[in-house]
Amino acid sequence: MAQATSPPEVVKEDERTRRGYSSDAAGLGNLRAGAFVAPALLLIAAFLVFPALWVLYLGLTNYRLTGAAAAEPQFVGLANLLDAVSNPTFWNSTWLTLQFVLGSAVIGQVVLGFSIAWMLRDRAGPLKRLVEGLVILAWILPSAVVSFLWVALLDRDGGTLNALLGIPGFPWLLDHPMLSIIVFNTWRGTAFSMMLYGAALGNVPPSHLESARLAGASGWQQLRDVVFPHIRGHILTNLLLISLWTFNDFSPFLITAGGPDGRSEVLAVHVYKVALQSGELGYGAAVSTIILLINLVVAVFYLRLLRSKK
Amino acid sequence: MAVRKRSLGVVAVLAAAGLGLAACGSSSGGGEGEAIELTITQNAIKGGKNAAGATFIEDWVIPEFEAAQKAKGKDVTVKFVPSGVDDEQYKTKLSLDLKSGKGADVMDIDGIWAGEFAEAGYIKPLSELVGPEADNWDGWSQIPEAVQGMAEFDGKKYALPVGTDGRVLYFNKALFQQAGLPADWQPKGWQEIIDAGTKLKSAGVPVPIQINAGTAMGEATSMQGVLPLLAGAGGEVRQDGKWTGASQALKDALGLYQKIYGGGLGDPKLQQEAKGRDKSFQQFAEGKVGILMEGDYFWRGVVNPKDGVAKMDDRDQVVGYAMIPAMEPGKGLRGQDFVSMSGGALRTVNPNSEHPKEAFELLAFTLSPEALKEETKDGNVRVTPRTDVNKEILAGEPLLTYISEKVLPVTAYRPPVAVYPQVSAALQEATAAVVGGTPPDQAATAYQKKLEGIVGGAGNIAS
Amino acid sequence: MTRFVLGRIGFSTLIAVLLAFFTIPLLWLVTAPFTSDPSYEVKVPDFTWDNFQAVVEHPYALPSLYNSLILSVGTAVLVVLLAALAAYALSRVRLPGRDALLYALLLLSSIITGTAAMVPLFQLAVELNLIDSQLGLILILTGGLLPAAIFMLKDFMDSTPKSYEESARVFGASPLQIVRHVVVPVVRPGLATIAVWSLANVWGNFLMPYLLLSDVEKQPAAVITYTLYTEGGQANLSMLSTFGLLYSIPVVLMYLFVSKKYGFRFHGGIKR
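Chains as they are written, first to last, in our numbering: chain C, 1 to 310; chain B, 1001 to 1463; chain R, 2001 to 2272.
With the rest of the complex left out, here is chain C (with noise of 0.2 Å):
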């Protein structure tokens, strides 16, 4: 973590020395910047770091929302930890989030949001509006109302799918419930990686694509050696993004409820459950810990995967 570095540092490193001038353009100074800074980072510490360290240390008591340990709660360490780690339906529900998380974000939102920015590079007017604007129109509607779109469409008497694939009866919420909310949150969030790469996309210089198409690249190859070397520090962007979105998307929730028997009870439903539903908060707050550290290992991960290489 300690030297991590945020993507676009490497073209600007790059921009700095290229063109021998500091980034400092505006004499900011460290000070002056700092002011910049401290309204924000006020705001973040006091509602934003001081609770989530509050939730940190909530995980070591057997804190609940009633009965007796609400009135006294008493420290109990690593407890919760221990007790999540020895109980199956929290791997369960690990597992599934990495399904939901591969399948939605890394698969369903990236391919599917690269693939329409590509299409869609060198066009303009209204069939680009048309399928940008309902992208977006998807991510932006509010997840009740979009719950009861995604039940209506998948229901299984009279759900819209089932009525035009003519197969009246599938349930595919019971029957398929990863692969429904997977559908679902690609559905959801493909906006935020079209819009990112699309934007990226307007970075790559057309002379380069052009010359490796005149070199004979075949379009596979201009991807990979034009094009991904101009993204990465976008795609690193978007896969940190999405990624800590999707693992803590509690929306699957308002569809399948985790069902059935859990079968798509990811982890942000899996706390739901135990923290609101049971009153568990204290090793609600300890799954909130590991789901906390997993993401830091998936973040990790993809600043490894994506910075090395230059």
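Quick caveat, the hints were computed from the structure, so don't treat them as lab data.
A quick note: this is a predicted structure, and the numbers were derived from the prediction, not measured.
Backbone N, C-alpha and C define an ideal beta-carbon position, used for all residues, glycine too.
Some hints here could point you the wrong way.
Unchecked claim - Straight-line alpha carbon distances no greater than 30 Å define the calculated DSSO-like cross-link-like pairs of lysine-lysine that follow:
| no. | chain 1 | residue 1 | chain 2 | residue 2 |
| --- | --- | --- | --- | --- |
| 1 | B | K1242 | B | K1201 |
| 2 | B | K1242 | B | K1406 |
| 3 | R | K2260 | B | K1306 |
| 4 | B | K1079 | B | K1377 |
| 5 | B | K1079 | R | K2218 |
| 6 | B | K1201 | B | K1269 |
| 7 | B | K1201 | B | K1188 |
| 8 | R | K2043 | B | K1288 |
| 9 | B | K1450 | B | K1242 |
| 10 | B | K1306 | B | K1173 |
| 11 | B | K1269 | B | K1188 |
| 12 | C | K128 | R | K2261 |
| 13 | B | K1156 | B | K1124 |
| 14 | B | K1199 | B | K1251 |
| 15 | B | K1259 | B | K1269 |
| 16 | R | K2218 | B | K1102 |
| 17 | B | K1251 | B | K1269 |
| 18 | B | K1269 | R | K2043 |
| 19 | B | K1373 | B | K1406 |
| 20 | B | K1070 | B | K1377 |
| 21 | R | K2260 | B | K1279 |
| 22 | B | K1251 | B | K1188 |
| 23 | C | K128 | R | K2260 |
| 24 | B | K1124 | B | K1070 |
| 25 | B | K1311 | R | K2043 |
| 26 | B | K1199 | B | K1279 |
| 27 | B | K1079 | B | K1102 |
Stated by the list, open to error - Coverage of chain B stretches by chain R, computed from C-beta distances (three or more under 8 Å per stretch; other residues unrestricted):
| no. | region |
| --- | --- |
| 28 | 1041 to 1048 |
| 29 | 1075 to 1086 |
Let chain C serve as the given structure and place chains B and R on it in line with the hints.
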């Protein structure tokens, strides 16, 4: 320079706003004069969940109570704080409020939360909080022992009961006729339920028997499923201070699930769907379900021809009901022939209230005969806690009279302790396993193992 | 030539599939509100206005949209303002520990959006007297969104050229003037994106507004949506679909407004 000043100003204003907020905001009304402000909350909201309850409080209780107080020379204003979300979310909010010394002066809670709220110190015995008038309330003499028990914890009264309910077996008389079954069906044992289901199945009924199972239905699986069956097999989830593990009664109850869902008499998929219970209502109304175990809410709120969510215009002709039988006559809880389960809401005074005496007056007022009669007018009939009121209002209501006279005497209540929700969830998982094909014995053993983790070791379990 | 034709056909098919994928789930939202007694089935509507009538008569539905507006616009303004200042400074000046700090905050923000954080946030709000205050809720929501916003905006600012800032500096502009008159115009599409992102985030948020605002008069549409159930907890589909449509329209309008006025892109205010 001007630009710079203005921008810095924005930052300063923001910072000041943050600090200023911290400083002010504690305008708690002050205690000057005689004016008293009370708040009352329920998980109800006009135009949404439990709208009738919210309307009753806002449009009748509040004006009437304020007027009555005014007549006594007191200036009391009451405000209703609506909610209307999932019960768990409402419970979370109440808990957070109560823990922080906040919350409405009078509040409704589910009867099953009484124990955990009391243990947490969120609610207090009414006599401590209000004084002797709580125990001397004239309504107590009208409330049956068992219903009073719901509001008690460690022998002390923490609240007033708002109402109660009971569970029965509903059946579709039209389908019964097709299957050659009587319209006044009353099974005496579980085998008769299975037999009826088999006949319904051969008569082509899609879902002969619907007894809730699985985790998706949540507490409905416990209340309208495994707990009445457990009672029918002579068991209780917690008896004499010990939890029931993999007892024979539990194995028998799970065995019935196996017969129903393993024998094709029920729809196992329906038990897994997130909205499975709603769907079971719909299917019953459409004449696809033969026998359904449900509470009286089903009659009042679901198939009610006037405003039910799955209206049945011919409810009174088509829907029959019967008591839930013990496994075999005399084998039920306390040696009974028939069993049921009941729950109900409680209404209590917030220990943080600045005016507990006035709050109790408001509370008692909402449960006075006049208020209960007003509340249950116009098709909102339910079983109230008071026998004097029930006699009057249930007269034209055959099912509710049946519940209050036949079912309530044999019913049972859930243990009001903090870990019950987790125990209940474990029971639901056991039913899910059996519906999914696990043998009952194995599911019961798995339940016991889980139970040990929940209630703190095998020492708290009797098996 | 055939390759070109095949390419065109492939492209058109792909676009058609895409359009279907993103459109079909929306069908229910545009049909159910106009159907009497809607179910989950998408039917040809009978164009009734009864459902809208019911929403208009609902005592809290329309006011809650106004509350949503206050909360989401308030949060979006704060997020954009604070994140822009911070992101600019972090982009241009190498403050010690900058990157590690950003990543750490980003990870912590994941905890805060989880359910387990509700107790600390609630008690914090109680201690600061921010309970039942929309401004308090705005501050709390802003705190949760800021790290990701700074992260994205810093990315954005890193890739914008610095030559304009240098010229402005040569002419004696102060740093805040430079940010306001030089940087902001260049990164405007990015600011717009962050604004819409935080807006949509708050617009859909249910749990924190429900817990922190007791007064129904202050509660946003997300909370009201969750109350549109009948006694037994069945979804009231006619109300839900209709209110859902009305609840979606403002956020779509805000998106259209922002994207029309400021552009809506992540990078490339000026291409290099």
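Okay, the hints, checked on the actual structure:
| no. | hint | in the structure |
| --- | --- | --- |
| 1 | B/K1242 - B/K1201 | violated (40 Å) |
| 2 | B/K1242 - B/K1406 | holds (29 Å) |
| 3 | R/K2260 - B/K1306 | violated (50 Å) |
| 4 | B/K1079 - B/K1377 | holds (23 Å) |
| 5 | B/K1079 - R/K2218 | holds (15 Å) |
| 6 | B/K1201 - B/K1269 | holds (17 Å) |
| 7 | B/K1201 - B/K1188 | holds (20 Å) |
| 8 | R/K2043 - B/K1288 | holds (23 Å) |
| 9 | B/K1450 - B/K1242 | holds (15 Å) |
| 10 | B/K1306 - B/K1173 | holds (20 Å) |
| 11 | B/K1269 - B/K1188 | holds (29 Å) |
| 12 | C/K128 - R/K2261 | holds (18 Å) |
| 13 | B/K1156 - B/K1124 | holds (9 Å) |
| 14 | B/K1199 - B/K1251 | holds (25 Å) |
| 15 | B/K1259 - B/K1269 | holds (16 Å) |
| 16 | R/K2218 - B/K1102 | holds (18 Å) |
| 17 | B/K1251 - B/K1269 | holds (22 Å) |
| 18 | B/K1269 - R/K2043 | holds (25 Å) |
| 19 | B/K1373 - B/K1406 | holds (22 Å) |
| 20 | B/K1070 - B/K1377 | holds (26 Å) |
| 21 | R/K2260 - B/K1279 | violated (45 Å) |
| 22 | B/K1251 - B/K1188 | holds (20 Å) |
| 23 | C/K128 - R/K2260 | holds (15 Å) |
| 24 | B/K1124 - B/K1070 | holds (29 Å) |
| 25 | B/K1311 - R/K2043 | holds (21 Å) |
| 26 | B/K1199 - B/K1279 | holds (23 Å) |
| 27 | B/K1079 - B/K1102 | holds (15 Å) |
| 28 | 1041 to 1048 | holds (count 4) |
| 29 | 1075 to 1086 | holds (count 6) |
In the structure shown, a violation is registered for the earlier hints numbered 1, 3, 21, in ascending order.
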